[in-house]
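**Q** Residue numbers (this note's numbering), protein chains in the order written: chain X, 2 to 386; chain W, 2 to 386.
Think of the hints as simulated: they come from the structure by calculation, not from any bench.
Be aware that a few hints might be false.
Repeated chains share a single entry, so a pair holds when one copy, or any two copies, can fit it.
[Said to hold, decoys possible] Keeping only pairs whose Cα atoms sit at most 30 Å apart, straight-line, the calculated DSBU-like set for lysine-lysine is:
id, residue 1, residue 2
1, K42, K115
2, K42, K294
3, K241, K115
4, K42, K241
Below are the chains, spelled out letter by letter.
Number of protein chains: 2
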Amino acid sequence: MTFHFTLEAEQGLARAGSFSTPHGTIQTPIFAPVGTQATVKAVPPRDLHEIGAQLVLANTYHLHLRPGDELIRELGGLHRFMGWDGPILTDSGGFQVFSLTDMRKMDADGVTFKAHLDGSLHRFTPELSIRIQHNLGADIIMAFDECPPPTDRDYVVGSLERTHRWLARSVEEHARSGDPNRQALFGIVQGGIFADLREQSARFVTGFDLPGYAIGGLAVGETKADMYTTLERTTPFLPKDRPRYLMGVGSPEDLVHAVARGVDIFDCVLPTRVARNGAALTRAGRINMRNQKYAADPRPVEEGCTCYTCTHFSRAYVRHLVKASEILGHYLLSVHNLHMLLTLVREMRAAILAGTFADYAADFLAHYEPVSAHRAAAAIPLPQA
Amino acid sequence: MTFHFTLEAEQGLARAGSFSTPHGTIQTPIFAPVGTQATVKAVPPRDLHEIGAQLVLANTYHLHLRPGDELIRELGGLHRFMGWDGPILTDSGGFQVFSLTDMRKMDADGVTFKAHLDGSLHRFTPELSIRIQHNLGADIIMAFDECPPPTDRDYVVGSLERTHRWLARSVEEHARSGDPNRQALFGIVQGGIFADLREQSARFVTGFDLPGYAIGGLAVGETKADMYTTLERTTPFLPKDRPRYLMGVGSPEDLVHAVARGVDIFDCVLPTRVARNGAALTRAGRINMRNQKYAADPRPVEEGCTCYTCTHFSRAYVRHLVKASEILGHYLLSVHNLHMLLTLVREMRAAILAGTFADYAADFLAHYEPVSAHRAAAAIPLPQA
Numbered sequence: 002m003t004f005h006f007t008l009e010a011e012q013g014l015a016r017a018g019s020f021s022t023p024h025g026t027i028q029t030p031i032f033a034p035v036g037t038q039a040t041v042k043a044v045p046p047r048d049l050h051e052i053g054a055q056l057v058l059a060n061t062y063h064l065h066l067r068p069g070d071e072l073i074r075e076l077g078g079l080h081r082f083m084g085w086d087g088p089i090l091t092d093s094g095g096f097q098v099f100s101l102t103d104m105r106k107m108d109a110d111g112v113t114f115k116a117h118l119d120g121s122l123h124r125f126t127p128e129l130s131i132r133i134q135h136n137l138g139a140d141i142i143m144a145f146d147e148c149p150p151p152t153d154r155d156y157v158v159g160s161l162e163r164t165h166r167w168l169a170r171s172v173e174e175h176a177r178s179g180d181p182n183r184q185a186l187f188g189i190v191q192g193g194i195f196a197d198l199r200e201q202s203a204r205f206v207t208g209f210d211l212p213g214y215a216i217g218g219l220a221v222g223e224t225k226a227d228m229y230t231t232l233e234r235t236t237p238f239l240p241k242d243r244p245r246y247l248m249g250v251g252s253p254e255d256l257v258h259a260v261a262r263g264v265d266i267f268d269c270v271l272p273t274r275v276a277r278n279g280a281a282l283t284r285a286g287r288i289n290m291r292n293q294k295y296a297a298d299p300r301p302v303e304e305g306c307t308c309y310t311c312t313h314f315s316r317a318y319v320r321h322l323v324k325a326s327e328i329l330g331h332y333l334l335s336v337h338n339l340h341m342l343l344t345l346v347r348e349m350r351a352a353i354l355a356g357t358f359a360d361y362a363a364d365f366l367a368h369y370e371p372v373s374a375h376r377a378a379a380a381i382p383l384p385q386a
Numbered sequence: 002m003t004f005h006f007t008l009e010a011e012q013g014l015a016r017a018g019s020f021s022t023p024h025g026t027i028q029t030p031i032f033a034p035v036g037t038q039a040t041v042k043a044v045p046p047r048d049l050h051e052i053g054a055q056l057v058l059a060n061t062y063h064l065h066l067r068p069g070d071e072l073i074r075e076l077g078g079l080h081r082f083m084g085w086d087g088p089i090l091t092d093s094g095g096f097q098v099f100s101l102t103d104m105r106k107m108d109a110d111g112v113t114f115k116a117h118l119d120g121s122l123h124r125f126t127p128e129l130s131i132r133i134q135h136n137l138g139a140d141i142i143m144a145f146d147e148c149p150p151p152t153d154r155d156y157v158v159g160s161l162e163r164t165h166r167w168l169a170r171s172v173e174e175h176a177r178s179g180d181p182n183r184q185a186l187f188g189i190v191q192g193g194i195f196a197d198l199r200e201q202s203a204r205f206v207t208g209f210d211l212p213g214y215a216i217g218g219l220a221v222g223e224t225k226a227d228m229y230t231t232l233e234r235t236t237p238f239l240p241k242d243r244p245r246y247l248m249g250v251g252s253p254e255d256l257v258h259a260v261a262r263g264v265d266i267f268d269c270v271l272p273t274r275v276a277r278n279g280a281a282l283t284r285a286g287r288i289n290m291r292n293q294k295y296a297a298d299p300r301p302v303e304e305g306c307t308c309y310t311c312t313h314f315s316r317a318y319v320r321h322l323v324k325a326s327e328i329l330g331h332y333l334l335s336v337h338n339l340h341m342l343l344t345l346v347r348e349m350r351a352a353i354l355a356g357t358f359a360d361y362a363a364d365f366l367a368h369y370e371p372v373s374a375h376r377a378a379a380a381i382p383l384p385q386a
């Protein structure tokens, strides 16, 4: 079987594993940099390899609109197109489409929407999303689902039914026109912050024998406490022998909390987006490189960091680039931030394999100060191992 | 002597040589990428090495204003600050200051100006320019001069007198407070497009025993024919045993014509600026990567090119990045364009050493189509070897 997950070690809910794909084996837990438009913003593929990236995400919605998934297929698929020979994951496009709140209309069959680029009218259905993802050719593709407002129970109940019907149609379309040895279709568990709905969804979704399962609809406005609780009430209903992908997460503290609750795969624009805003992720927390206090600071962005940025440049230089709006500042901070998250997941994996994850996670969180809005959440305890 | 130019071969006026500096030996002819704000826009230093860059230019005006030359000195100088361990050249700041036409006032002693960043009032004199360049610590520093309108003879005559007085003051200040074994001061020949004024200036400037001489005030609005003619009437008055630097040039055809007329060193923002506008420099001419005809083109930007961009990505992908305003597009085209110019100067050097430069230059120009505004100039003959 092309796609195979090996569970290598467990500590409490935390897991270390490996997932084989046609473009290489992913060692989990892993964080996937986001390459929305078939490029991780500002970072060339060879740097991604050097940083330790093993999986890159690309967005079906964006690539369908521009340059077009048919074109990418004609050019040999997304790997060749973007020059990344490692594993790729594409989302279904659903999240972006549902984000176009004023420009889309949903029905039982799919969603009609106006493109953000030019207002042109488009329609996504589960079948079309899967066929677009076939054209793109990522190793991991996602079922078409709806990401509902997480705390609106009435809405979530109706949405869940739709998501489940769309999952069945996604699975059917992949079986009909896809190649399961080339692309692994993951199902997505929804259910907002409601434990009973998450359990119900997990049971339904895992009723399909799929190579992996995702947890969607989190980190979209609910509290961190709700997210962490929801996670620990969802993963026990997922099979141990399949990878679990938490969509759109995220921050260093979220990665630690989610790995502690049994998640294997993550993606998020955060490291590259905050980089372009001039912020660096460090083990002490997020720092704003525009700060005057770094103006003459000869130290690297993060002391002890082995990334290209930290081994070659000072905080003073990075601050200068950010203040001067130089592209190189985006690059250097993106490289550092991705390296920081990929080092974190690599260390978590090593700790799980060594049986020291509980200590590692507690120690990391004790030293990491989340951004002010999330300081209260820092007190949330890790689950007992 | 730290700074020493060895003339290795001549063919007609064209020369191959090498210039030793504290940060390595520069093999000429050479093109210097421009790093205005202590960064070659979008290109990390390790890529510059890979591309074959041997000399990088930085701008005194910009760095004096931000982050400040004192700060750069405190942080160990420009090489350490920008992470470039090869030779660096700084201009005098004069060109930028004189470009602030509505915001500066010149007197016999220097120029008072309002900074483009915040309108704050500053003043440059020859002495201050040199001291700022001492703080920056580049290997090659430039005398403070005025770049006059090249065809206004009356203005050029008066300006030349000022430039010559300022040269004497620049030389004196460097002797007083500089270290000639650490930084080489180049004098600048001015004189607009007037052969007699250029000869007069060359005789005056070379009256100072300096490690190198520059030709300034060209490529600033005069015709290409005037520029080429002026060059061939200037270089014969420069000593053969010193490098000659043509400031702010340029385009592939200008590099060939100027090397054929005895120039050794070039700098220009062109390759990185046109890259950020979505254009690629190729041996056939400049191409606009936004063109619809590249939308599905699987070929590299330039067939046969060995740069990172051309060995990993298609025209279709580069076009997609440009159309989608992705930073990676700036990077990939900057890398290609710099590689193209550095390959051109390396090939010209090899041809001069092999005695085949006349054929090489004629062949290059026969295949290179300049942008439409300069097609007429393509007919300008090379000087006889």
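**Q** Indicate, hint by hint, whether the structure satisfies it.
**A** The hints, checked one at a time:
no.	hint	in the structure
1	K42 <-> K115	within (25 Å within a copy, 36 Å between copies)
2	K42 <-> K294	both (28 Å within a copy, 25 Å between copies)
3	K241 <-> K115	neither (40 Å within a copy, 67 Å between copies)
4	K42 <-> K241	neither (34 Å within a copy, 48 Å between copies)
The structure fails hints 3 and 4 (numbered hints given earlier, in ascending order).
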